[in-house]
Every structure is written in C-alpha cells, then in structure tokens.
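There are 2 protein chains.
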Amino acid sequence: MTEEVKRVYAFGKDADGNNVTEGNTNMKPQLGGKGANLAEMANIGLPVPPGFTITCQTCMEFSNAGNVWPEGALDTIHQYRLDLEKRAGKQIGDPDDPLLVSVRSGAPISMPGMMDTVLNLGLNDQSINGLIKQTNNPRFGWDSYRRFIQIFSDVVMGIDGDLFENAINVMKNDRGVKEDTELTAEDLQELTDEFKRIFSENVDPEKYPELAQDGVAHFPQDPMVQLKLAIEAVFGSWNNPRAILYRKQNKISDDMGTAVTVMAMVFGNKGDTSATGVAFTRNPATGKKEFYGDYLVNAQGEDVVAGIRNTQPISTLKTTKGLEKAGEDLEEVFSILESHFHDMMDIEFTIEQGKLYMLQTRVGKRTAQAALRIAIDMEKEGLITKDEAVMRVDPDQLDQLLHPQFDKSKKYDILAKGLNASPGAAVGEAVFSSADAVAAKEAGKKCVLVRWETTPDDLAGMIAAEGVLTSHGGKTSHAAVIARGMGAPCVCGVEALKIDADKKEAKVTGTDIVIHEGDTISIDGSTGNVVLGAVDLVMPGLSDDLNTVLGWADEFRTLGVRANADNPADAQRSRDFGAEGIGLCRTEHMFLGDRKQIIQSYILDDSEDNRKKCLADLLKVQTEDFLGMLKAMDGRRVIIRLLDPPLHEFLESPRALDVEIAHMEDNGAPADEIAAKRKLMAQIDAMSEANPMLGLRGCRLGIVYPDLNIMQVRAIMTATCQLKKQGLDPQPGIMVPLVATEAEIAMLRDQISKVIADVFEEQGVEPFDIPIGTMIELPRAALAAGDIAKHADFFSFGTNDLTQTTFGFSRDDAEAAFIPTYLDKHLLPVNPFATIDDRVLELIHIACKRGSETNPNIHLGVCGEHGGDPDSIKKFNNVGVHYVSCSPYRVPIARLAAGQAAIQHNRGKDYFRDK
Amino acid sequence: MTEEVKRVYAFGKDADGNNVTEGNTNMKPQLGGKGANLAEMANIGLPVPPGFTITCQTCMEFSNAGNVWPEGALDTIHQYRLDLEKRAGKQIGDPDDPLLVSVRSGAPISMPGMMDTVLNLGLNDQSINGLIKQTNNPRFGWDSYRRFIQIFSDVVMGIDGDLFENAINVMKNDRGVKEDTELTAEDLQELTDEFKRIFSENVDPEKYPELAQDGVAHFPQDPMVQLKLAIEAVFGSWNNPRAILYRKQNKISDDMGTAVTVMAMVFGNKGDTSATGVAFTRNPATGKKEFYGDYLVNAQGEDVVAGIRNTQPISTLKTTKGLEKAGEDLEEVFSILESHFHDMMDIEFTIEQGKLYMLQTRVGKRTAQAALRIAIDMEKEGLITKDEAVMRVDPDQLDQLLHPQFDKSKKYDILAKGLNASPGAAVGEAVFSSADAVAAKEAGKKCVLVRWETTPDDLAGMIAAEGVLTSHGGKTSHAAVIARGMGAPCVCGVEALKIDADKKEAKVTGTDIVIHEGDTISIDGSTGNVVLGAVDLVMPGLSDDLNTVLGWADEFRTLGVRANADNPADAQRSRDFGAEGIGLCRTEHMFLGDRKQIIQSYILDDSEDNRKKCLADLLKVQTEDFLGMLKAMDGRRVIIRLLDPPLHEFLESPRALDVEIAHMEDNGAPADEIAAKRKLMAQIDAMSEANPMLGLRGCRLGIVYPDLNIMQVRAIMTATCQLKKQGLDPQPGIMVPLVATEAEIAMLRDQISKVIADVFEEQGVEPFDIPIGTMIELPRAALAAGDIAKHADFFSFGTNDLTQTTFGFSRDDAEAAFIPTYLDKHLLPVNPFATIDDRVLELIHIACKRGSETNPNIHLGVCGEHGGDPDSIKKFNNVGVHYVSCSPYRVPIARLAAGQAAIQHNRGKDYFRDK
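Residue numbers (our numbering), protein chains in the order written: chain G, 1 to 915; chain B, 1 to 915.
Since the hints were made in silico from the structure, they are not lab data.
Mixed in with the good hints, there may be bad ones.
Claimed, not checked - DSSO-like mimics (lysine-lysine), calculated; alpha carbons at most 30 Å apart, straight line:
1) B:K441 / G:K790
2) B:K790 / G:K251
3) B:K790 / G:K849
4) G:K410 / G:K288
5) B:K411 / B:K507
6) G:K677 / B:K825
7) G:K631 / G:K441
8) G:K679 / B:K504
9) B:K679 / G:K504
10) G:K612 / B:K825
11) G:K612 / G:K504
12) G:K504 / G:K441
13) G:K441 / G:K251
14) B:K408 / B:K441
15) B:K417 / G:K679
16) B:K849 / G:K849
Said to hold, decoys possible - If you only want the chain G side, here are some residues facing chain B, beta carbon under 8 Å, derived:
17) G695
18) P779
19) T821
Keep in mind it's a predicted model, so treat the numbers as computed, not measured.
Here a beta-carbon is modelled for each residue, glycine too, at the ideal position from N, C-alpha and C.
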C-alpha cells in the first residue's frame, strides 16, 4: 500500500542555513497550534531550532485503529529524524556531542498543560557523556538523565511517580541531606541506576518486547525506540481524562487529535550567557503596550514555570551582561510577531550561549479589560481594522466587567464549588428561607439566600438577598434564570451542601463545617466558588474602553438588542446598558407577594361577585406596574407578555396540604376545619396537571379565563393613556404566549383589540398603533407561522420553551436527570438550553420565512435565554431575526456579539454559509 | 350595485311541460343536497313538483351581514315566485284554487332533522276557502290552517309552543272530548282565531313593522311576507344550537350554510287515490335488494313520520286500488334512480289523486352490514366498479361489526351516558378496584371495573374485567387507550357517576340510584350507554361480506397494516384480523403485576449485587414474554419497543407516602420505621419530575441505565434463538423510543448490536438480520431524520407523543382542561389526538423525506393511536409512510381505510394534491 498522505512536516533551516520549512500558520488543523506557528516563525526568518511535526490526523488514525501505527508512518518519522540530525549537525545518542530533542504535543486549539511533553530525549548510557562534555557539568548531566528516566517512566510507561520520589528520599536520608540540590553528581549517577532498576521492575516485558532482554524490560537505549514510545504517549495523552474534561468544558471537538513536534533541544543552562523565559508582546492583564514577561539566567524552561528561583523581568534582559544582543533581538522579534500576526502574542524563548531561539508562539490570552485595550490600541496603531478590533473581544468574557467580583488580590479558601449560574459576587449572612431574607433586609442586614432549589415563592427573598445559593438544579434552574434576569449573583447545584431548611443550617459534605443562619458567606456567581466568611469585592463599571468597542459593534450590527425586564429598576439598567427597548416584560412576577392572595381568591372562589372584585383589585395594581415600566422606557417599545404560567402555580402545594390534613385528623381538629381543608384540596387537585409545562397555560388561559386577559390589557392601556395624557410617549406591545394555532391568535387578537379600542375611547385618547403579537415557542407555531403571522404584528421566539418541546426535554428535569450524562457521553455537543440547537434554529428559520411571506412587515425577535448567548446570537443573525432580547446585564454582551455576527456575515462566514 | 351572483335556481317543468331546471346533482355546495337532487330528478324526467332553490351562499351572506338580505335577493325571489305560479298554473293566496308551498332547508351535507321546515305556506283567510273547496274537506282545511299558524309561530316567530297546546287543551275540555281528532271543523276554525290572537299577543310590533297595524302585530296575510319570514327562519336555523352541535359531532364546516327550497305542495290527503311515503331502493338494515319503505293512504308526510297511523309496506302499493299505476311508476323510479346514482337511494314521495310526485332523494344511510352487502351486490350487478365498492363502506362504521353489541331488539333503560371510548359491550358485576376485579375473575364471575380513572396499576383489573367504566377522562385517557388496545369495551367520562371507591359504590346524580359492588351493570362502548342490570349481547364476527370487501381493499392498498399488541392473545387476534405483523409491542406492561416488585427493587436498591439479581429475574420473565409474542407471530415481523416510561411510574405515590409518614409520626410509630419510610420518600422524591412526559424516559433510560436495555435485548435475542433452534422463524425488530438526536441512536445501536452478536454466539445460532430502528415522536427527531436514518433500519412515528410535543399539549391534561373548550370555540377543527393534525403531518412528511434520502431502504410506519383512524390513514398514505399499526380490533378498519386511500390516490384526489 502506497503511503500517499503527508504525515510529517519539517521546519527550520538545513545545514547550509536555508529555510526548509514545509508548513505555515494556517496549517493548525494538521500541525497543531505549536507546530504551525513554529513553521510560521521559521518562514518569517525568526530563529527556531530545527525540528519536524507529525500531523494530528496521524494521531487520530493511530487512536482510531486502537493504537496501531498507520502503515509507513514510522518509516517516514525515521527519515525525518535522520534529516533532522543532518540539519542540526549532531546525532541523537552521540557520545561526544549528542543531539537531544523535545517531544511536545500541540492541538489545533490550545489546551495548555493538558497533554504530555518529553524533554531531553536521546539521553542514554553513551550520550550522557557527550552532554556532560558539552556542558562541562556532570551534575547537570546526571540530573538530566535521571529526570529523563523519571519523566519517561511516568508519561510514557505510566509507572507510579511515587516510586521515584521515594528513591530520592531514601538517598537523601542516606546522605543526610534535606534538599535535592544537595545531592552530588555521583549521587545522581547512582540514582540513575536505581531509576533504571525501578523501570525494569515495573514494566511488563511481554507488553514491551522491544525493551525485553532475558525476560526483563530495560530502559531503552535506542533513541528511535525512545522516540517511538514518546510519540505514542503524546498521541495517547489526547485521550487522557483531564484533556477530555478540558475539551468538554471548552466545547472543543474530540475528533481533532494532537500533533507531535520533535525539535532539537537548545539549552538555557549552558552558563551565564544562556537563559530561558516566557513573554507577552503586551501586558495581558491591562493591555498596556509594554514588554511583559520573565526570564532566568542559566536555566531550563521548566525552572521558570516551577517558580523555584526568582525570575527577572524581561525589561532587564537588554542590560544583562552577555545577553544584550539576545535582548535586542527579542525586542525585534516582538515587533515582527505583532506586525506579522496582528495580535498580542505569547512566546517561549531560550538563549543558548548568547543566541536567541524561539520555542513557541501563540496568540496571547488576556483579560477582558486587556482585550478591549489591545483592540482599541491596535486599531489606532493601524495594525488592525475597526471590524477586526470588534472581533478581538470575546463577548463571553465581558461578563467579568459587568458584575462585582471577588478581589483576586486577597486570599480566601474555597469551601465548595457549584455552577456559575449568574455572574457577580455577593457577601452576606446565610438565610434559609425567603421570609428570613426579607426580614434580614428589613433589619438592614445583607444576606445570601440558601435554598435546596428556589420556587416562584422565593422571589421576594431572592430580591431581598444579595445573592442566591442552591444545592440543586442546573444553569437554567429557576434560581439561575431568575437571578440572571435580576442580575443577582447565583451559584447553584452545590452538591456538597446538605441543606436542612427547618434547622436553618447546611452541612458541607466531607468536612465538619456547618453553615448556620447568620454566618457570613461569600459566593462568586462567575466562578461558582463559595467561601465561608467575607471576601472583599471589587465593583467594575462600563469603562470607556468598553463603551468604545460597543460603539464600534453598534456601527456594524444589524440585529437590534432589547432587554427582558419586569420592573422599572431593571428597565432603567438595561437602558443604561444600551437596550433599545423591552423585548419581554413577564407579568407573572407581578402576581406574587401580597398580590398572590388576590389571584388565589380569583382561582378558588369563582362566584361572579368575588371574581369581579379580584379583577378590580388586580386591575389597580397592574395599572401601577405598567405605569412604572412604560415611564422608565418612555419612547421605546415595551413588549408585555400576558399571563403565562398555569394557575395552580399560585396555589398551595397539594402535598403539604395532604400532610396538614393527616395531622389535623390525628390531632382531632374540628370536623368543619378538616372539611374546609379537604374542599381546598379537592379544588387544587382538580387543577393539578401531570405535565404542567404542556397544560393549561399561556394563551390557553386567555381562552379558558378570558377575563384575566381582558384585565391585563385594560391595565396596560389605562397606564398607556394616562402617560399619553401627561405628554409622554408610551410604546407598549401586547404579546400572547404559547400560541399553537392560527385560530388562537385570531380569536385573542380580536379580544385584545376590542379592549384597546374601548380604553382609548373611555380615556378620551386619540387611538394609536398598539402592536399585538405572539410568542413562537411551540414547534407547531413555527410550522404554522405563515397562518399565525396574518394576525400578528410581531413574533418573539421563546427559545426556552421551543427547545423543551422540540427536544421533548423538560428543562427542570433534564438538566438534573440526564443532560449532564449526555454531555459526558458526547450525546450533545452543548447544553441546548444554553446555546441554540441547530434543529430548533431550523424551526426559527422556517417560522421567519413563512411569517414574512404572509406578513412582510412582521417584526421578529428572540426573547429566550439564548438571546443573551453570543454563539446563539451569531446563529440568529442569519435566519431572519430582527432583534434579540436578554437580561439587562447581558445587553452589552449581546451588542458585541451582534456586531461580530454582522462582521462575520459581511465576510461571508456566517452560520448557514459555513455549513 | 349590479346583482351578478345567481342566487335562485328553478327546477321542474313549465306550464307547457318543458323541463326548465337550472341545477343538477353536482351543485350540492350551492343548492344543498335536497335542492341539487330535486333538480337532478327533474333533469332525468322524474315527476317533481315545480319549485326553486335559494343558494347556501345567500344564507351565509345573510347570516354574515347580521341577518340582512343581500341587495336584490328579495327581488329575485319575488320573480321566481311569480314564475312558479305561472308554471304551477295556480297563485299563492288564490281563494279558489290556491298554490301552497313548502319551504325546506337543505345543506350541502345532510343534517337530518336539524333545521326547520314550513309547510302549507300560502294559507290565509282567503286561500283557506280554496283549500276547502279543492279537498272538499273543511276539517282538513281548518286543521291545516291552524297547524300552519302554529308551526309558523313556533319556527318563524319563536313563540312558545305550549301556548298553542294549552289553547287546544282548553277547547278539548270545553267540548268534553279527549282527542284532537274529535274536534270538529268549526272547533278548529275557532281555534284558528284563537291562535291568531296568541300570535298577536306574543309578537312585538316594533320588531316586525311589516306585521303591525294599529300598534298590534297580526298574523301575515300577504304570502310574500310569509315567504320572506319563512326563508329567513330557515336561514337562521343553520345556526340553531342543535345544528351547531350536530355539525361539531359530525365534523361538518360551519361555513357552508343551508339552501332553501320552495316547492309547490302536493297533497297525499286528497282521498283514497292519494298517499304519501318514504322508501329505500334496497333494505338499509341488511342491504338486501328489495323494496323497502312505508306509505299511508290519504295522508300528509308528517303523518308517516309521526307514527300515529299504521303504515303499509311499500310492496303492497301496486295492488292497492287506485294506486296501481303510481306503484308501478315508483318501481320504475327505483330502477332509474339506482342506475342513475349508482347507489342505494332514500326517497320521499307523495301520490296526489293517482299521480306520483318525488319530493326528495338522497343516498340512503345504511348499517355497516348493509353497506357491505350493497357494495358487493352492486359490483356484481355491474352498477359500480370494485374500487367504487371499496369506497362505499365507511371504515368508522366497521367498528359495529367487530365487537359484541347490545341486542337492539330487546328493551332496556339507559341509566347514564358517557363517551364511547372503546367499542363493544360488556355485562358483569360492578367492582371498584383492580384487586376486586381480579378476585371476581378468579371466583368465576364476570365483572365491570368501575373507576374514577384508571392508572397503570389497574391493568390487572382491566384484563380481568369484561369492560371498564370511568367517571373521568376523555377518549384518550388511560382507560380508553388501554381498553382500545386490548379490544375491551370502555365507557369513560360518565360525569353522572359519583364514585366512592372506599365504600365500593357509585351514586348516579339526579337519581336515587346507587350502584353497589356486585350489582350487575351493562355498558356499551360503541354508544357510551350504561344500563343497570343485564342486557343481552349479540356477538358479530368477521362476516363473509366483510372478508370480501377487505380482500378487495387489500388488492388496492399500498400501505401495510400491522397491529399494536403486547401479549400473545392480542397478537393472535390481530393476525386473525389480517395484521401483517406487530408494529408496536410495548414492554412496560410486562413490568407490572408481580414483576413490579422486581423493578422497584432494581430502582431503589442500587447495590451491584441487588441490581444483578433483579436483572437476572427480569431477564427470565422477559424471555418468556418474547417467546410467547414471537411464537404467536411466527414468520412475521414483531417490532419490540424498549422500556419507555419514567421509572418513577413503577414506584409508590409520594403523596400517599407523605400522608402515611404523617400518621406514623402522630401515632408514635418506631423511629426506625419512620426513618425507613423517610428514606424511601427521599429516593422517590429524588426521582420525581415536574414534567415526566419530557423527562428521564424513552431512550434516555437506556443511556442512563444501560443495563435495563441490555437485559431487554438479551431477552429478545434469547427467545429468538430458542425459537430458531426449534425450527421456527422468529422475526423480531428492536425499537428505541424517544430519540431526539443522531448521537443517541448511534450509541444505542452500537450497544444493542453488541448484545445481539453476543447472544447469537452464546446460543450458537447463525446470525441473521435483526432490524434496529427508532420511534420518531419528537419534533427534533423528525427534523433530524436524515441523520438519525443513518443508524436506523426503520422509523415508527409515535404520533401521540409527536402531537403532544408539536402542540405543547399534554394529552392527559389537555383533553380534560381545554381541548373541549377549544372544540366548542372552533379553535381546533378536530381533536388532534384522534385525527392527525396537518402540521404534525408535515413533520412526518419531512422525516420520511429526509430519512429516505440518507437511507433509501428505511422502512417507515406509524404506531400511534392515529394508525387506526381512517381520516389519518388517508393522510399518511401520501407522505411516504409504508405501513400503519393499530390496536387489533382496528386492523380491519385500517385495511379498508388504506384501500380507500390508495383508490383516492389513484384517482388523483389524495391529501396533498387536494390542498
């Protein structure tokens, strides 16, 4: 079988100084980030040690075949090794001046520290002598050899590292010394023998016939055997558990594989004219344009990272004796890299006897603040265009800038960790019920509400508390969704907490710690960290840099951005953040608190007199609600959704009532009291539903209980007319939830229109256009959008519910019961409640298309959780949606993501075209 | 404005005997069934009295305009009236020989008895004399006049009929007579005056200015006023409550309107050479080709229907003196009608002084048995083709023939009425619990299970009982679905029953009757009737005629028909009925009864030892289950669905447990017992779900609990191999429920395939193809069908669940909470759980298309409730589905419906093309 696939790519120069590099920076999918950028640096004339890179595809073939090498691959590697020796002018294993190589992983997408590396490969019982000779340092030589055996045993052979550490300790005891550094060259030589013995004892010779001799496995002396095993180990590290976990957390595909780069070692530890370091071309924390990094004289790379010796700031390199030239070269490299890559770069370098070598470069990670600053500066410097500047900031990262955070300069111990459900940090006394939270607030105390999970009943407590902590539920649990909507910090699903709400305490599993009511705790909803005691918080704001970049994003974006807000304070906040209107004002929260009794009475006592009274009471308070909202958003659209949840959500829990009745019976309570409870029970039971999500809710309420709808529309219009008479410019829109059929919206539009006309007339206000529209949140509605649009001025896609019904996933149940398993087993690429699924998106696309066909003027928006998710926004941008609506704190994120979506669209790289 | 629409169509002859008919039988949408067929009869030379028909469209315009006549319409009617007088040679209101007319309704689709009719119109204080003169019968004349006033007052003016009945009774008392017939002509003349007085007293002159004189409304003497008001009343009767209800029950559109036919009256009561009657061209009960009908000599039509006098069989007409010629003419008419309409016709006729007049004809209604017989006979007679014969039988009607029925020749009193949820009748002692049903069966007693509603726990009782009666739940409630599946009679939703299961009795609202345990009751699931006591049953079978017609249907149909069956008895039954295989074998029912404890233990005690033991136990019993099924269907495909429902369905109700714990606490039960209960409670709570329909069920179970799937597949394959070794031909297919994504089916296919291969090897059986497929029952699955099909040998559309998620309707909740309201308010044309919705169908169409594109060999079926619904089957026929699967008793219905669908397809009239 002919070997047709190119599996190995050389980089660096040949013996005559000619560049023989075969790859470039665009070949990351083949060569990994490290290999591709080493090739690129060689191409642009930067000093890179010679080497070669084995492709990621070879890794996947090897892995998919059950760790069997593709035919011919090892021969090719052998050829490249021989070529490398020729280019380097040295041979691996040479007892006089041996070539040593590093074997490094490098995936197409950076996974720092996740996979394995083998250094100093090529050392054996002969070449150790050459190394000692070249470095003139026997101690370094033996230390390198014993380290090589140790790391090879660990990384390549999987031998327990403690065996080696133990041997070191035994020798230190024997020698009566405390530190490794006190061991002599001779000690280390003896240790090397001991390590070889441990190796032989722990390797199965039948498993490694290439190492076997006389029935015993020996540490390999043949460098080609070392190389083959090391490459196999790096390939294998693609599938080590921490790499798999990292990929899952970072949404990286498992199908890419890692490249392996074999590169001639250079030594930063050949005396005082040698050094090694890491650097960024700008400050990655602040974005300031300054040299940033550290180096160590006479050291190897791992010493810099290990932090054993104190590093020097990079700015001193130029003035350090023997390193001046290298320092100047490095400054030039910084400049070449930035003008070549047009970005802030992160580099590793080594200076070997005065000569600078570049070992790695990649785009540098940076804080949100730095990202903004660098984007703005580079645009000013002419390095990048304005659209590129907008693309340079990660919208997800902006969250950091919009909420209070733990002060990272202070020390604190993490007590437990949960899901980072709603960003921001909070400090307060632990309380275990909504009522206690309200009481604490009234007493002037800051508190954190700690619950197993929250329910709509907890809303008052959630508002009163600084933040919310739950032991149950996922990122779209009630607590998480509501907290995000309010912009309140929330950590949820902290499984280590065993909460006893009755005792007002929470035990922390695996510790003796019990959090009692009143104990101060701190939570960080951006990280999921929970701390016992108070952590200092830092309060960021909308910085000038952020405003600049968001302004640029606004210039590009074609999607509108609105906010989901239910109260005037949130409305004002969203306006400050740049929301162009309210895309979703939920009204169910307006029925809680002291209003809950009214709605309960409405539900349970259906005598006409009582209902009328309840409706009159509700009309009064609802009118006040809408006055506040419309005033806060004066001149901007406020889309108000009519009552959506099933009415039994406002009633007592039948289970609690069951137990209460049982106790009343046992305790001989009066028969009439029991009878009254039983009657209530029967009423609640009659309303209970097997699957409330699919039951009597949404527009079905407005059909079965039309007077509730009529009251709400009347309240909206009364508020509108009052403001109009005050000379303001209220712009309400009325939204019907959970429509499935054309007939529903046709009937309700008629019902609503009549009330609007009536109130205009009663109030003596000149009628003006009040848009009436629907949520599209059921598959049937999406498919029937052409018919529904005939009766709707706008659609708002309720992507939470649409995801639930399209998948048949109950959000509450699925995120606890099986979505974690699904993500673990790669049955879902992402949680579809966080980022819009492609099939749900298809339904949205169908609905936009069909709706626009029958009603070309229809206005199309998204108001589900996905409206604030950058990945989803990019997908929405090209299916015909006009705007997204999200929680107030996500408005800046949505503006940026929408700008980026538009830029990608202009570049011809948007979602549907990419496919 | 020019009158361009033709609103009135003449029929019959002119004065010279020339046919001047303007319509024909194809104009039912304009002229209604009656008007169109009167025109047709006139066209083919049958004797029809002259008349004209006002179109249905005029009715709708009148109604939509708020009971206002379209411009010019009244003028046109006036012209046609004048023309009619000319053609009849008589004038309305003529005091010497008046023309009287009937004003009759006639909708495009027959709605017998639902709308109003006015006879003898044209009588007034002058023309009464002409009528008396012509009939030489003053008593008949006055009786006709007073009846006309009475009927006009009732139908046209809406005056309370009791006022007139009361006046008659006052006069009878006054005259000292008992019967109406004892009143003399003079009495009736006096009564006529009294009726006119009642009329004046009860009509508001301001509302009817055309009747007002001196501030009093008078009975109209102007025939044109009579005619206008009568036509308006008939138009209005389209929207009377009983007509609306009838249309809803019969799925007839509200938008058609009724035509009004005005026709010259002929009199069957002008002496012994006059007669009137109704007839069918064949026997509508048996289908036999014989004259069938009744007549009365010297009578008017209503006398025949009223049943006051004994009618004569139509066969005697030819031999009755003075009627011989008319009798012969009628026989000829029968023959002309059948050869013209190619169907069995239902007619009304009148003989006036020896001359036969046809007053109406329409296709005759018939029993299922007659429909079969007539179709077969007419095919033999060459009147219709074989495909037309298949089209002539209503599949819904076949249900009558497939289940035991009440013997309608016996008398019985209906105690209460519910929904006809599962056809067939049952007689037995009432029992109020599943356990009592089982006990009764064991004691050799027949019983009927009476429950508020059934749950899966009642299954054993449902199997033991002859039938099921519930006071709650709709046609797709648990009781209804399961009973239909078992072919057991079920009446559900009998609201009049107040069941007290503890007391083992049911009160019947509005009566003193209480049904106690052991009382014999009879239920008829085909009608919804409940009877106290035993009703004799008749047991029909698959008759020769049915077999003939089904055989013909099989020749045409392209859809396969399979059955949904979970046990060998049902499997055998479905095979007898012609099922080609099992399309859905549910396995959850196999986990009930004594197996429930095993699955409970599996769920609650997850120690590895216990789980293994439970799985081993389950494997044993499941293997037996599948041995039975595969043996019964030897050589035919049996699609077995892996476990589908959420596991908590097998556990105790948390509410009952809550109450139990409360009582234990109050009664001082030992702490450890309470603790054990609390632990159980916590386990159940941890598994409970807010929306179980959208929770951890279906294939999600097989992913989270793979060992359950593996056990089931192992059982299927063990049974298969055992049968194979016995020389049989088992043909299992394995179906994965509730798939949403490609990844799920890819993973599970892999899991299942491994078990299949393992068992073949263990059992030493040569491997053969075991198809693995999926349910498509989620919108996402339908959209992703192209990807899913890569891993599926077949799709089976679970239309129940697909309807639930597409609509966002929980079947259990929606059918109780709002679907009735939706049907009432015309927000749904039909219950989408009974007949497939067009948007759900679109998803099926998409899935068939996409699935076949990526897997051209994929086999596509439907196994939801809709698979047995004729209307749905006709829709499925053209979206690419290969077969339907339904409950055993519906297999013949599905065969016929599938045959009809294919015939409609061949005629180019199938669903998608019709649109």
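Each hint tested on the structure:
1. B:K441 / G:K790: With Cα atoms ~59 Å apart, K441 (chain B) and K790 (chain G) exceed 30 Å; violated.
2. B:K790 / G:K251: holds (25 Å)
3. B:K790 / G:K849: This hinted pair holds, its Cα atoms lying about 29 Å apart.
4. G:K410 / G:K288: With a Cα-Cα distance of about 23 Å, the restraint between K410 (chain G) and K288 (chain G) holds, given a limit of 30 Å.
5. B:K411 / B:K507: holds (23 Å)
6. G:K677 / B:K825: violated (35 Å)
7. G:K631 / G:K441: holds (27 Å)
8. G:K679 / B:K504: Roughly 22 Å separates the two Cα atoms, so the pair holds.
9. B:K679 / G:K504: It holds: about 21 Å lies between the C-alpha atoms, which stays within 30 Å.
10. G:K612 / B:K825: holds (24 Å)
11. G:K612 / G:K504: Not OK: K612 (chain G) and K504 (chain G) at ~41 Å, beyond 30 Å, violated.
12. G:K504 / G:K441: holds (17 Å)
13. G:K441 / G:K251: Status violated; Cα separation ~40 Å.
14. B:K408 / B:K441: Distance of about 28 Å is within 30 Å: holds.
15. B:K417 / G:K679: holds (27 Å)
16. B:K849 / G:K849: Holds: K849 (chain B) and K849 (chain G) sit about 20 Å apart, inside 30 Å.
17. G695: holds (4 Å)
18. P779: Interface hint status for P779 (chain G): holds (4 Å vs cutoff 8 Å).
19. T821: holds (6 Å)
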